[in-house]
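Quick note on this note's numbering: the sequence shown kicks off at 43 and runs consecutively.
Derived lysine-lysine pairs resembling BS3-like cross-links, with alpha carbons at most 30 Å apart: (1) K181 x K203; (2) K181 x K114; (3) K254 x K264; (4) K260 x K248; (5) K114 x K203.
Simulated restraints on C-beta separations: (6) V263 x T299: 43 to 51 Å; (7) P164 x K203: 19 to 27 Å; (8) D146 x L108: 37 to 45 Å; (9) D146 x K248: 54 to 62 Å; (10) N119 x K203: 26 to 34 Å.
Just so you know, the hints here were simulated from the structure itself, not pulled from any lab data.
C-beta atoms are modelled at their ideal positions from N, C-alpha and C, and glycine is treated no differently.
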Amino acid sequence: MAKTDDQKVIILISDEYKGDPDFVKGILEKAVTDRKLQEEKELEKMNKKQEQEFELEKLKQQEFELKRIKLKQLNVNFTCNFEVLDQAVICENVLPVSEGPWLDKLKDLGVILTDTHICSKPMQVLIGGDIMGRLLTGKRKLLSSGLVAVETHLGWILMGKVLQVNTERVNLAMTVASLFVKEAEISDFWRLDVIGIKDPMEKISKHETDLKTKEHFKGTVKFNQDNRYEVCLPWTDDSSPLPDNFNLAKKRLEVITEKFLSQLEI
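Construct the entire structure; sequences and hints are all you get.
Quick look at the structure:
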């Protein structure tokens, strides 16, 4: 994302004569709309207007076509009509708000941004200061990072500079991790996957394993109090007993019971 002001907002544009709505991507700067959008939605054509623009230190006269459009909020609670100037291209796609702690902070403040995902569409509507003043609600949220969220009738916009991410430490960590991976062997990862439990077949042959298992069975088999055969498993001799977590389960039960009783009293 370009580390500059971000004043984009997703809005709903509708042909007031045919009632055919569509989502568009807008930027609050100057009242302009692109020609492609006008052709698709068959916006009302009005008289042409001449406007002068200063380009390359020369006064150049350029002709624009004046249109009237209707914008709606995503929840269709607000609608506004105003005139815009026809222009083939306003600007190319602008990247959305980059990921960062400011998104969680805005969510906690109840601020919902509509342009937080990558969208390949170019800007289709440009709203200028002559219209912008009527769209502001007066609400704003100031973040500790310096970003400012401003509410309009069309949605929230985010303004300010996004903090630079220090990529040197990230690259260094990736390099160190890569070195460790290159020094390790594939068999080491297999041993890690079994959490230290090694296959005895790596050390002794299958025949020796069968003999030891048979001897272990003869030496440990016995009758228990229920007159059933009981034998110790050969691979559990050196293993620690599994915890029953009785105290933890009891404490959780007491907390849940206390909450349930308090709700019944209310």
